[in-house]
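Trainee: Chains as they are written, first to last, in the numbering used here: chain V, 654 to 1036; chain U, 2 to 370.
Among these hints, one or two may not hold up.
[Claimed, not checked] Label pairs and their computed distance ranges (CB to CB): (1) U/W363 <-> V/I689: 21 to 29 Å; (2) U/S339 <-> V/F895: 49 to 57 Å; (3) V/Y705 <-> U/L111: 46 to 54 Å; (4) V/A1017 <-> U/V356: 35 to 43 Å; (5) V/I689 <-> U/W246: 38 to 46 Å; (6) U/S58 <-> V/Y1011: 30 to 38 Å; (7) U/V244 <-> V/G735: 37 to 45 Å; (8) U/R319 <-> V/A668: 40 to 48 Å; (9) U/P250 <-> V/Y1011: 39 to 47 Å.
[What the hints assert, rightly or not] Only pairs whose alpha carbons sit at most 20 Å apart, straight line, appear in this in silico DMTMM-like list of lysine to aspartate or glutamate: (10) V/K756 <-> U/E172; (11) V/K1029 <-> V/E873; (12) U/K95 <-> V/E873; (13) V/K756 <-> U/D169; (14) U/K95 <-> V/D972; (15) V/K756 <-> U/E341; (16) U/K108 <-> V/E827; (17) U/K76 <-> V/E873.
Derived from the structure by calculation, the hints contain no laboratory data.
Please read all numbers here as calculations on a predicted model, not as lab measurements.
Beta carbons: idealized from backbone N, C-alpha and C, even for Gly.
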Amino acid sequence: MSKVDPRKAFRHGFAMRMRGMIRKEFLQIRRDPSSIAIAFVLPLVLLLIFGYGVSLDAQHVPVAIVVEAPSPATRSLTAAFGNSPYFRPVDFSSIQEAEDALKRRLVDGIVWVRSDFAENLLSGETAPVGVVVNGVDANNARIISGYIQGAWLTWLEQYARDQGRPLSSAVSLEHRVWFNPGVRSRDYLVPGLIAVIMTLIGALLTALVVAREWERGTMEALMVTPVAAREILIGKIVPYFFLGMGGLILSVVMAVWLFDVPLRGSLWVLFLASTLFLMTALAMGLLISTVARNQFVAGQVAILSTFLPAFILSGFIFDIGSMPAVIRGVTHIIAARYYVAILQTVFLAGDVWNVIVYNGLALAVMTVFFLSIVKKRTRKRLQ
Amino acid sequence: MWRRVLALTMKEFLALLKDKRSRMVIIVPPLMQLIVFGYAATFDLNDVPYAVYNEDSGGAARELLARFSGSSSFKLVAQLDHESQIAPLINSRKILMVLRIGRDFSKELLLQRTGSVQVIIDGRNSNTALVALGYIRTIFVDFNRAWSETQGLRRSHAQLEVRAWFNDNLESRWFIVPGIVGLLTLVVALLVTALSVAREREAGTFDQLLVTPLRPVEILLGKALPGFIIGMVEASLIIAIAVFWFQVPLRGSLPALYTGLFFFLLSGIGVGLMISSLAVTQQQGLVGAFLFLVPSIILSGFATPIANMPPFMQDLTRLNPMRYFLIILREVFLQGASIESLWSQFWPMAAIGVVNLVFASWLFRHRLY
Chain V
654 MSKVDPRKAF RHGFAMRMRG MIRKEFLQIR RDPSSIAIAF VLPLVLLLIF GYGVSLDAQH
714 VPVAIVVEAP SPATRSLTAA FGNSPYFRPV DFSSIQEAED ALKRRLVDGI VWVRSDFAEN
774 LLSGETAPVG VVVNGVDANN ARIISGYIQG AWLTWLEQYA RDQGRPLSSA VSLEHRVWFN
834 PGVRSRDYLV PGLIAVIMTL IGALLTALVV AREWERGTME ALMVTPVAAR EILIGKIVPY
894 FFLGMGGLIL SVVMAVWLFD VPLRGSLWVL FLASTLFLMT ALAMGLLIST VARNQFVAGQ
954 VAILSTFLPA FILSGFIFDI GSMPAVIRGV THIIAARYYV AILQTVFLAG DVWNVIVYNG
1014 LALAVMTVFF LSIVKKRTRK RLQ
Chain U
2 MWRRVLALTM KEFLALLKDK RSRMVIIVPP LMQLIVFGYA ATFDLNDVPY AVYNEDSGGA
62 ARELLARFSG SSSFKLVAQL DHESQIAPLI NSRKILMVLR IGRDFSKELL LQRTGSVQVI
122 IDGRNSNTAL VALGYIRTIF VDFNRAWSET QGLRRSHAQL EVRAWFNDNL ESRWFIVPGI
182 VGLLTLVVAL LVTALSVARE REAGTFDQLL VTPLRPVEIL LGKALPGFII GMVEASLIIA
242 IAVFWFQVPL RGSLPALYTG LFFFLLSGIG VGLMISSLAV TQQQGLVGAF LFLVPSIILS
302 GFATPIANMP PFMQDLTRLN PMRYFLIILR EVFLQGASIE SLWSQFWPMA AIGVVNLVFA
362 SWLFRHRLY
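Full structure from sequences and hints, please.
Mentor: Here's what the structure looks like:
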């Protein structure tokens, strides 16, 4: 009788055990609709809401126009506002009424042309026009006052030309916006959103799944089987990796075909970066669950330490460069930051290698770091 | 009745607070988030890295560029001397924009003609690009005014005087921090309640609860009160930090704010309990809470205005309690609103809360596993 090579037997057992573990995880996913909900329904809902609902481009802003003494000059001024797609002018007869409407948020801004405007304009005195914007939403207020200034300058030039004395301002500004000439906010929000979705699938889902095993005691049951700690880990990662990649494909398809976001870089870079990021997110989810060992705590920690940072600290909406130095330092440990940089570049700019390589390396380092911590913590040990 | 409710409330508190880790996650992370996000979540730009490609050696160009290097919003990173240097710097995100001044700029200006400056800006984050362009425009307008004055040129008599109400310096923090108050309050209230019934369902103790003398209303109250109390305490703490740490002005009345908070918690807890009584496992409870939480943050006007959404989305936001609470928070904090002016925001939240609570208590008895 020939002796069985123990190494070979182990390897054979490895494949068999892995198959069992992975099969168990897939069954668990299939039987609990909430996993499928996170992996496919959530991306769908999020992309639809973001793609259609989130926009920083103000249009048809209600603006109160108060003209105290109508004249040809004021008429051409109000027409300039009426013709702009940015505004929906609402006429008010007195400034008090307009201010009241602003307080009640019926209008977002006021353009106040005083009774002596036309007279001063003709006589060469300064003719000030008062503009008030509601500053509660500071960003929106800034955008709206920019639009008002734009409409104003257009009118001024037009008016001077009509009067036969062209107005020359010393310097004119000519701007070109690269990568997004239409300045559509959707084009930068949708790629960033993919990072948020992948964080959800990777971290939240795995955090809950493993915490549940601890809570129900099935983790202890797993420990008495011949399955090694490393194999438990791989068994947990593989199925959720596929779920996450499924979510990614769905997101990319929707981004490109539904929302017309250009994809200028190459697909393989996108997938490679996504693989790295998903591994980091999965490792973080596993880490959270092994530390928390209870679904309530794991859920809370996963939301607060992965989802919200991916939302706010990743550069997805808020510019990292403008954050205070300490916070900027903190963003370096947020994996989503690197992924968002790659996503925005690959979608809008193309394969810019130094951005991709730098951020890709950072992601790779984080993946290795978190996986090795998880490996260390997942001992076959009871508390 | 109240004794029974009290007993259940006590039990819920114990279930939440007896575990050191769950005690921690209710208190510490929200406060950390508030501090970090209070600083991070801003649309204002500082130290925008830019490069200058100046082919003009004249004084006018120098004067214009001095206004950029003197501004705290911009930070000069590189001086370029060839066009081919522009693309690599922008592509690699080392700079956000390039100011390009042509050879004849100063000459044109001295001849009283219009000189033009080209700005090339990275549009990958289109909002940042827009805000930066706004800053640049302001600098140009100031420069134009100063230039015409020193050169004794005829300038336009019509002037635009822009003022922003309620937030004179347009600080985004004043807008975002009150929003974070609403966001974190909702997260805490939802997480405390969304798992409360699901946890018992999973453990099988909910059936036991149903055969006790407790009526569904009493179970509902016992389950709702802990979330309510924790939400109130947590929100008060967050409001205090917003006022004393972030110095966001609180101009309106506290009763108005707390009435709003009361109705907001009512609606948040209603939704939380509804999700919880629909869920069979805690995972489903959490996923449900999440599926509610994320769209309600995004469609609340927290970061992007509701007015920019398409009409059907705007109608959808009326179902979102956070929409109303954010209006209350911002009106009370910045506009100094009083209770009377906010009734139109209170009643929708009350309605959402009551409908969900009624449905949740109905589900207690009609969804058995």
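Trainee: Going back to the hint list, which numbers does this structure go against?
Mentor: Hints 4, 8, 12 and 17 contradicted; others consistent.
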